[in-house]
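Enquirer: What follows is each chain in one-letter form.
Protein chains: 2
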Amino acid sequence: MSSSRSVRKLEVVSPVPADIDIANSVEPFHISEIAKDLNLSPNHYDLYGKYKAKVLLPVLDELESSDNGYYVVVGGITPTPLGEGKSTTTVGLCQALGAYLDRKVVTCLRQPSQGPTFGIKGGAAGGGYSQVIPMDEFNLHLTGDIHAITAANNLLAAAIDTRIFHESTQSDKALFNRLCPPNKEGKRKFSDIMFRRLKKLDITKTQPEDLTPEEVKKFARLDIDPNSITWRRVMDVNDRFLRKITVGQGPEEKGMVRETGFDISVASEIMAVLALTTSLTDMRERLGKMVIGNSKAGEPITADDLGVGGALTVLMKDAINPTLMQTLEGTPVLVHAGPFANIAHGNSSIVADKIALKLVGPQGFVVTEAGFGADIGTEKFMNIKCRYSDLRPQCAVIVATIRALKMHGGGPEVVAGKPLDHAYLNENVPLVEAGCVNLARHIINTKAYGVNVVVAVNKFSTDTEAEMNAVMNAAMAAGAFNAVICTHHAHGGKGAVDLGVAVQRACASGNQQLKYLYPLDISIKEKIEAIAKSYGASGVEYTEQAEKQIEMYTKQGFSGLPICMAKTQYSFSHNAAEKGAPSGFILPIRDVRASIGAGFIYPLVGTMSTMPGLPTRPCFYEIDLDTATGKVIGLS
Amino acid sequence: MSSSRSVRKLEVVSPVPADIDIANSVEPFHISEIAKDLNLSPNHYDLYGKYKAKVLLPVLDELESSDNGYYVVVGGITPTPLGEGKSTTTVGLCQALGAYLDRKVVTCLRQPSQGPTFGIKGGAAGGGYSQVIPMDEFNLHLTGDIHAITAANNLLAAAIDTRIFHESTQSDKALFNRLCPPNKEGKRKFSDIMFRRLKKLDITKTQPEDLTPEEVKKFARLDIDPNSITWRRVMDVNDRFLRKITVGQGPEEKGMVRETGFDISVASEIMAVLALTTSLTDMRERLGKMVIGNSKAGEPITADDLGVGGALTVLMKDAINPTLMQTLEGTPVLVHAGPFANIAHGNSSIVADKIALKLVGPQGFVVTEAGFGADIGTEKFMNIKCRYSDLRPQCAVIVATIRALKMHGGGPEVVAGKPLDHAYLNENVPLVEAGCVNLARHIINTKAYGVNVVVAVNKFSTDTEAEMNAVMNAAMAAGAFNAVICTHHAHGGKGAVDLGVAVQRACASGNQQLKYLYPLDISIKEKIEAIAKSYGASGVEYTEQAEKQIEMYTKQGFSGLPICMAKTQYSFSHNAAEKGAPSGFILPIRDVRASIGAGFIYPLVGTMSTMPGLPTRPCFYEIDLDTATGKVIGLS
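Residue numbers (the numbering used here), protein chains in the order written: chain E, 1 to 636; chain A, 1 to 636.
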């Protein structure tokens, strides 16, 4: 357990410089050094430049017999639109564990979406003296995983519309003959992927010419109901004008127009597949069974029915390997899968966590981030991700800020891009105390999974001791294992040593039980209701559309899946304006969708935008390249 | 000039196995070995896995004082839809020069679009025993350049619609205040990029508060005319339903609907910028001055007016570095920029060619490919690319096949996916002789640039000696420097040794003069007419829209740019059905657009689709991943 070679301690400056300046002030280690510290040999990874490497999946098989390290999930209280420093805390905690407490540690983070990077929010590499570096490589392109998802998602989308088009213009026989063209010897053959559809249709024949006309029709005509299509196109750009569009208006598409829209790429089901898959074989099956809509007879139509599940897997074959990077203090980071826990499940990948747990080994620590507040991020971590991974965390961290607690206690609205009200810049203990109801409910909910909860108060320079004491007291009263003040933004790992010690203790005394919020074998509605209750709701109401979808998915045999709520991150309830710990409300379910490949049912709570927009003055106004040095400037 | 270490000679099998089987039968050298052969040190490149590396642009500065090697451009006769093996010949020629003729050589190829790879055509790594390997990495994602172009193109598109939206809902003052928000000290500031717009408006003030209300309006209100927008979104997928769409139909976009469409990513102006740029600084300027449409007053609106030129450069900063790969026989390949010379300029990049010319040094060879027939590929190579690069080829290769010549001589239509007519499988010398008019015109046109022309007959197993002799005779009669038969598809480099020898001789006796087809300082119409004449046209006719655009671009000061014709690759004329060497026709110009950042005017000849479609049974039906080995299967 000796200090690893690449770790360094930072010399910090006060006041804290801009993120990009701190990031640029440190020369990163060559990523092969970071890999070496983890006992990875060069055949275990592919370099992507000097500071990124993809760790190859076979590592997992090689390490199968090794023991896992401790598993820590970082969630948060209900955030303000400014974010409460969850990524920063995740990184700071790991810098403390690795650079100050002499532990093997891997941070598992999600790849940022380029939408927010150029939009309002900026990058997601942490901040201050707790960052992943190089932050421009982390925030832009990385190793192409999100681009691969975009490409795969949109290939499937093109396949859907084009298939409907070709079916509309051809007879059963012509369609079949084109699908199974004669080879050089004039003999028709099924391609391998077609046997998946044949099997689904209970057709056991292996030669195209043996099919009856009825079987030809069943096989070749998917008969997709255009109104049932839930598969949308995606783009990793904040492009609000693509939220609702009409496609097919060209003369060659012969009037086959259809209303549809684009989501941001990280909301793609393929991102969820990437996050939840456990192997190449598993990914192939998940991608193939993604349901894009129904036939007019109500049968689910899959990517494999369209013949494209294999191609999607090929597009995703490198994306399944997590990307190794480093923190400012030289501790290793695995970056994988995507954010947006409000409209997706928003957790980093199972594959990354599993590899990391083996690499750190017993007494080592893997710290993984769950997006937004614990009501959505941690809930999905426990009930979806841990179900598929069969992993159990020993400790859950909940990040809180005085700023957000004041908001929950009744402080004025916090708006990104607008100056903060003085309530947030001056001591106001009663506001903080009132807001702790939000923290308390997150602690109680998280503790119910059977893990030790450590509260990390991410200290800002304006926070006072009295305010902090109020939070610590409230946290302990609500059942936290411990509550600590962190200053990792200003001090790097050194500022999170107390948090590191608390997490170590929580893990050492953590048990191996995970109590899920709901069992899988109850109805879709019962599962939704169990989650709604954890939000404080007294009931759930469904639109007619939601009822219809639930009935259909149940009939199609999908009711045994876990639930991934699409809900605002700004409140326990569906109403972003309801701060604190609302209760007694009725949770409205507007629609229900299914991500069969990823493996969950996906209720939409109220209206949730799946494509952000750009403000009048987006972040990109500050971003440029210093063409003399090749360095990025203005990225935040 | 000794044989380099990584070169190997192939042992070939007959009949020729499937492309992917040949590709998989060879263990590629680690790309650092290939780099070493080129005298590149590890700080000259970034690894992307084991078989790809990005060669870093500063190499060019380091090698500034070195002499260039010989420069060879490969064009073709007017092709059939099956392609005439131009990439295969380019690769085979280089395998011959490197592995058999002991020359330093670099092949410069374009990155394939994923659209055709999953659509009808399949990949573009060459074929048979003349391929770039690993062919799956070449055909899919590569090092992310096309994904970067997609991301940058679509960020700009989102910026356009969103800006129009925000301008429509805000007063001049509100707009200005949002564009220049107060900092922490309450002081408003211009961001650096805003000084580009201020300069364009002749405003020399540096403080926002000093602007008069009129200047505020001029600065903040771009007043883009929605009908003038030529910037479309892109996607690297064959998605015909995106050819014409309506965006902005969501309720939050308040009725601001607009008709637009998607092109395939390689048709983006940003791809053209990548291909034609010469440095980071040059790329920054080109991206910033891309024109997306006009203000209602007729002023061109640029990416920098929208504040996004810097962000686009940041997105493209790695894409400017070409990707090093290898052929089956271990010779180096630089892959950069994109295909589609029909709707774009379709040449590999200036940067790649320049680096390659320095790396091979005097007596070495750089072979670069120009897309489709010489009428469009080579023409654009000479008149656009060489103009911006200031490089001159010593030799131009024209690839011909007996199949295509028979088609030009009056043979039946050749359709992808349908069996070939027997005319193409049996000897028919008169058809070949008749078709040689097409070859002859390409030779005459190419020779007019002042280069030696070598004709490479890409031999198929069904071609007969009499047919080949007919081609050789016709080629020499038309003024070719030499004409040779090649069997590199069946035999690798060994099959192109005669071609290699001919190219060596042609280069040794080649001069350094390049006679452009047209000077830049004549009118747009005169330039279009010079190119039309080289097609065999007796005149040009313009639609009213084309006339209007030419007038506008001339008024805006853009008439000094070269011309990039968007024309079918299947005929010298605008009519794909007119084979051979048509003449006396009137070339119709439907519309004229401008790629000001890339640096050319862009007439549309007839109707050209900028977004391909998928057939009933796309290539993807055969493509899958062998999840046990991780190998791609079915890629062609």
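Incorrect hints may have been included.
Put simply, identical chains are the same to the list, so a pair is met inside one copy or across any two.
Derived pair list, reagent style BS3-like, types lysine-lysine, alpha-carbon separation capped at 25 Å [unchecked claim]:
#	residue 1	residue 2
1	36	244
2	50	36
3	254	244
4	631	289
5	121	184
6	184	418
7	555	187
8	189	494
Simulated from the structure, these hints should not be mistaken for lab results.
Enquirer: Give a verdict on every hint.
Expert: To see whether the hints hold, each was checked on the structure:
1. 36 - 244: neither (49 Å within a copy, 52 Å between copies)
2. 50 - 36: Cα proximity of residue 50 and residue 36: in one copy and across copies (14 Å, 18 Å).
3. 254 - 244: Answer is both: 21 Å inside a copy and 12 Å across each meet the 25 Å cutoff.
4. 631 - 289: Result: close only across copies, 21 Å inter versus 43 Å intra.
5. 121 - 184: between (57 Å within a copy, 17 Å between copies)
6. 184 - 418: between (68 Å within a copy, 10 Å between copies)
7. 555 - 187: Intra 40 Å, inter 62 Å, cutoff 25 Å: neither.
8. 189 - 494: Neither, since 65 Å and 36 Å both go past 25 Å.
When the structure is compared with the earlier hints, violations turn up for hints 1, 7 and 8 and for no others.
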